[in-house]
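A.B. asks: Here's the letter readout for the chains.
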Amino acid sequence: MKILVTAKRVPDPETTIKVNADGTGIEEAGIKWVVNPFDEIAIEEALRIKEAQGEAEVVIVSVGSADCQEQLRTGLAMGADRAILVSADNPDPTAVSRILEKIVEQESPDLVIMGKQAIDDDSNEVGQMLAQRLGWPQATFISELELAGGGGSATCVREIDGGLETLSFPLPAVITADLRLNEPRYASLPGIMKARKKPMEEIDASSLGIELGRSVTIVSVQPPPERAAGRVVESVDELIAALQGEAKVL
Amino acid sequence: MIDFHLDEEQQLIRDTVAAFARERLRPAGHEADDSGEVPPALAQEAWELGLAQATIPEACGGFGQEPSAITGTVIAEALAEGDLSIAAHVLSPRLVIDPVVLLGNEQQQAEILSDYTGEEFTPGSAALLEPSWGNSAFDLKTTAVLDGDDYVINGDKCQVALAAASPWIIVYAAADNGIAALAVRAGTPGLDISEREKNLGLNALDTREIQLKDCRVPASMRLGGDASDLIRRCRVAQSAMAVGVGKASLEYACDYAKEREAFGTMIAQKQAIAFMLAEMAIEVDAARLLGQEAAWKLDTGGDAVREVSIAKSYAADAVMMVTDNGVQVLGGHGFVRDHPVELWARNGRGFAIFEGLASV
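Protein chains in written order, with the working numbering: chain X, 2 to 251; chain S, 650 to 1009.
These aren't lab readings, by the way, just hints derived from the structure by calculation.
As the structure is a computational prediction, the values presented were derived from the model and not from experiment.
Please note: incorrect hints may appear among the correct ones.
[What the hints assert, rightly or not] Computed spacing ranges between beta-carbons, pair by pair:
1) Lys-33(X) - Ala-868(S): 33 to 39 angstroms
2) Asp-13(X) - Asn-754(S): 42 to 48 angstroms
3) Val-233(X) - Glu-715(S): 56 to 62 angstroms
4) Asp-13(X) - Pro-816(S): 38 to 44 angstroms
5) Gln-693(S) - Asp-13(X): 45 to 51 angstroms
6) Leu-251(X) - Phe-653(S): 19 to 25 angstroms
[Stated by the list, open to error] Cβ-to-Cβ under 10 angstroms is the rule here; a few derived chain X residues that face chain S:
7) Ala-67
8) Glu-106
9) Met-130
10) Arg-134
11) Ala-188
12) Gly-192
13) Ile-193
14) Met-194
Glycine included, each C-beta is placed from N, C-alpha and C at the ideal position.
Could you put together the complete structure from these sequences and hints?
C.D. replies: This is how it looks when you write it as structure tokens:
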């Protein structure tokens, strides 16, 4: 069995984000970059399938600048078998889905697992678009995954508004991971050292013969409005008055 | 010629260990200090990450990571930033593994290291400190005298971490030709292990006094050569742990000072507090740089006597000053146990006293 997983390079969720001076994005100086936490969950799930099956290849893909090597190396240290870096200059979700479609055609995996969204722009688009392009079944926001029929089909539990939905479908398929699917492992020291010797292929996105132009233009980036500080009220009556008169929620 | 960058692998090790320390060690530190025990599941988790045993050679069933003092400082600082007692506990196997990897011959490595290649966390122990006045790591009262095919060891040791739980204790003793490092198997006749010591800090770490009375160890269990270099490696790792404790206190105090308001502004904007925080930051960075230079010199084969002594001495003083300021910045909140700065002040105090405690 072959599983393709993704690893987007994103700012560490613990980093304080500032909008850059001209309002076109975030200030990148001094930011620590990590693997998108949802992608980490996807990688972990692929590794668990590999461990349960005894034999499977986990291939990890990142699309972006050459610096994405760091995130691929992290995935390799966790236990992925090899990595593919597709270099592309600031691609939007549509372009990434086109790139991944080509990589899937080259690699022919039985399963693609990705994070449900990246924590930088929270687009939550690439998994769905990729499944559509490939004409494969998709299961998004999954919190449980079980393979059956020797890896020929899958059953997923996905988190939807108001409850859980169970889906069964044949493979190959695209799955996107939600927070509760698993708890990713830490890379071990031996894992980190082995990662150095694992193959990392570099592909230039322009060599894939696809349209990479942006279909989305970012007009401006603004920080969320600052919330006013809370206030301590003296009595329940004062609270009710404030909720009615000022907040107008009662 | 000067490059302060960690290589890609060392950065990944630092980030991984730091995440483990932040997410696992830090939340467990307070309770471990209260109960006096490191949760076994946590030690097992650290074991599975290979933090202590990755340098065991492949021929002995290990992974064969090149031993590096610099990588050692990176791991020690990151773990100690989480919690010092737990860091010392989970790194304790290195008290046995590092000496045997660096100084042991093939036969010694095969015999001793085979106890450290299993699936289960296996603690290690080293006996260096002595309860006598004027104790120095390089002037030991404990003696090892060759008698036929055995060394006969006599003397008392204190602050021996995990002495009662480890399959091996590396005992440092004065021999006719320098400091001998002898691998003593648990249960060897003449090795007496006392009750657990009660300490000011490092409360989760089990330390003991041990007495060696005509304790006979086969001469083949003396690790090769003079152990001075080994002790220096221990001291560098220790100074890195001091830096980790100091960094924890600095960052906690900084965050607190930016949150806490007094007289209408956050206290970080009060000059008295801002100066303290700045001095703490300076001391932490200075101590780290001295330690890394010493580690670099050890790794490149230089005679690091001077650098190691300076690094150890500086870090021990720095961590006291920094963790004390940490308490001060928090004021009354620093004195109560709801905040961890008092724990770090107690844990940080030992570095200036001991040569070898938790000397990993």
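A.B. asks: Check each numbered hint from earlier against the structure, then list the numbers of those it violates in ascending order.
C.D. replies: The structure breaks hints 1, 5, 6, 7, 8, 9 and 10; every other hint is satisfied.
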